[in-house]
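Build out the structure end to end from the sequences listed, making use of the hints.
As you go down the protein sequences, you meet chains A and B in turn.
For the first sequence, our numbering gives the first residue as 1054, with consecutive numbering after it.
For the second sequence, our numbering gives the first residue as 7, with consecutive numbering after it.
These are calculated hints, taken from the structure and not from any lab test.
None of these values were measured; they are calculated from a predicted model.
We put the beta carbon where it would ideally sit given N, CA and C, even for glycine.
Be a bit skeptical, because a hint or two may be false.
[Claimed, not checked] When the alpha-carbon atoms are kept at most 27 Å apart in a straight line, the in silico DSSO-like pairs for lysine-lysine are as follows: (1) A:Lys-1132 - B:Lys-223; (2) B:Lys-176 - A:Lys-1203; (3) A:Lys-1153 - A:Lys-1203; (4) A:Lys-1119 - B:Lys-223; (5) A:Lys-1132 - B:Lys-265; (6) A:Lys-1190 - B:Lys-223; (7) B:Lys-159 - A:Lys-1190; (8) A:Lys-1153 - A:Lys-1119.
[Stated by the list, open to error] Output of the computed footprint for chain A on chain B, the stretches with three or more beta carbons under 8 Å from beta carbons of chain A: (9) 133 to 143; (10) 155 to 166; (11) 229 to 235; (12) 330 to 338.
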Amino acid sequence: MKKIVLPALLTVLLAACSSTGTFDQPGTSVEDRSSTPGTGVPTVTAPSPAGSGIAALTDPNNILSKRSVFFDFDQFVIKADARPLVEAHARFLVQNPQMKMLIQGNTDERGSREYNLALGQKRADAVRQALTLLGAKESQIESVSLGEEKPRCSESNEACFAQNRRGDMLYSGEF
Amino acid sequence: MTKLLSNIRLLLVASLAALSCAAEAQLSIEITGTGATRFPVAIPMFENEASLPRGVTDVVRADLERSGLFSLIDMGLVTVPVTTMPDLGAIRGRGADAVLSGSIYPQADGRYDVRFRLFDTQKQVELGALALRMAPAQNRATAHRIADFVYEKLTGLPGYFATRIAYVVKSGPRYELQIADADGMNSQTALASREPIISPAWAPDGQRLAYVSFEAKKPVVYVHTLATGQRQVVANFKGSNSAPAWSPDGQRLAVVLTKDGQSQLYVLNADGSGVRRLASSPGIDTEPDWSPDGQWIYFTSDRGGSPQIYRISSAGGGAERVTFDGGYNVTPRLSPDGRSLAFITRNGGRFQVAVMDVATRQTTILTDSARDESPSFAPNSRMILYASESGGRGVLAAVSTDGRVKQRLSVQAADVREPSWGPLIR
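Written as structure tokens, this is what we have:
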């Protein structure tokens, strides 16, 4: 044991003799970390929209003010009770070819965020396909997904989940 | 004059904002499980450490303790100068199998040299020595480097203390993409938005993050250079753009686009150019992750009826199914050493972190929680950071690949999610 310790001890003693604190061990050149690229991270604030300016779209007595199509659990087909709403919006798009629409698909919160984003896209696509079958132009509509990110209701129960399984229709100026 | 005043005002607002961020958004880490046997190590105060405005060895001790692999032997006020041979027998007598000696040398320019040596008290040998130069404010960064040195010498694996993590904090209507040191300290906000931010992914250079931001009312993939705050849109095609994953060389990104129909895999250059489709499936393909050798892209697909993990050659071609047990296996993430695959599995209605040995395909569920998401490996492949839920709030948690070491990281009164562990930069 002494044999092992002795060389180390000698080196240490030699090092101790030097008044400048030189440390002559292998791998002991001083690594200068004081000028490493800064880890400072400036904050960027993302910009935030204003409304379409068309009264019919926000008039609570007009069916066009309703913008949500709801879906059943694990389902991506538009239910019969949503037909009149989808038809009204399709008519509006046909009559107003300058108007564009963004459809945002949503899911409940269970499972992976990215997989839910893909599921939400299926709901948005279902609404888009129904609208184009009813005469709206492909170029008027973009279908996207918000996945589970923008829940309308944030409790973890079925009533709440049902409100979050939906597609929302937004018009030019609202997105 | 007015310009000066407005500049001062701006500065005030900025410093107030910085202060409030620092006060409310600190991640605190709680150890909830440790290794079966912990290596006893002594880290006495460094000689002359009291001359530093802020300490170093306390941070080294905290790092090692938090890893769950070490127990710290208290040395009281004893210091072991780096220039003297420690009394290894006496230190062994206190129960320590290793000891770190060290000294601080103030430099003329106000900086400090930190010199340290590690000894094995059983074999009575020196395991290594190193000297680092630091500015006084770099005490934590230096300490993390020292902890990495000790960790590597004693475990044979690279340490992960001198690394950064990215995650998203949601407080009320505000979303913040934050960057912190791996110990949760020094958190800084890279992006603040009123719309969601998901799927942050570190570039292999550790300087850039790719992520999905919904600020344009739809998912768009950005690449953000952290040091400058410069952002570039790399995928904003018609439809949704999501799930960015860097190629190991940092030149390309795998992304998920819906421009041609359902969610499908594409590869593009890191500046957004040269988009090409990687695969075509009749269902959803998403959550790509490159294998560290660049050969494979693992991903989630429901082509077989339920979401399962598949892999495809990064050059394209046919897909091979990887998971078979259970009806929901998602979010594949390869370990940096390429040996393990972490993913989320649904187990009796609960979403939990599982790890698969890539060679044998043997799978182990590592957690007993119910809402786990977004696993991300530490650079040494030993720990997995993931999002979970505790008391109705989003928290981050970490588990070792053997399931023994467990930690919880939370921010007071906010939801934390979408963690991503940055690379080791040397």
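Against the structure, the hints:
no.: 1; hint: A:Lys-1132 - B:Lys-223; in the structure: holds (25 Å)
no.: 2; hint: B:Lys-176 - A:Lys-1203; in the structure: holds (12 Å)
no.: 3; hint: A:Lys-1153 - A:Lys-1203; in the structure: holds (22 Å)
no.: 4; hint: A:Lys-1119 - B:Lys-223; in the structure: holds (19 Å)
no.: 5; hint: A:Lys-1132 - B:Lys-265; in the structure: holds (26 Å)
no.: 6; hint: A:Lys-1190 - B:Lys-223; in the structure: holds (21 Å)
no.: 7; hint: B:Lys-159 - A:Lys-1190; in the structure: violated (65 Å)
no.: 8; hint: A:Lys-1153 - A:Lys-1119; in the structure: holds (16 Å)
no.: 9; hint: 133 to 143; in the structure: holds (count 8)
no.: 10; hint: 155 to 166; in the structure: violated (count 0)
no.: 11; hint: 229 to 235; in the structure: holds (count 5)
no.: 12; hint: 330 to 338; in the structure: holds (count 3)
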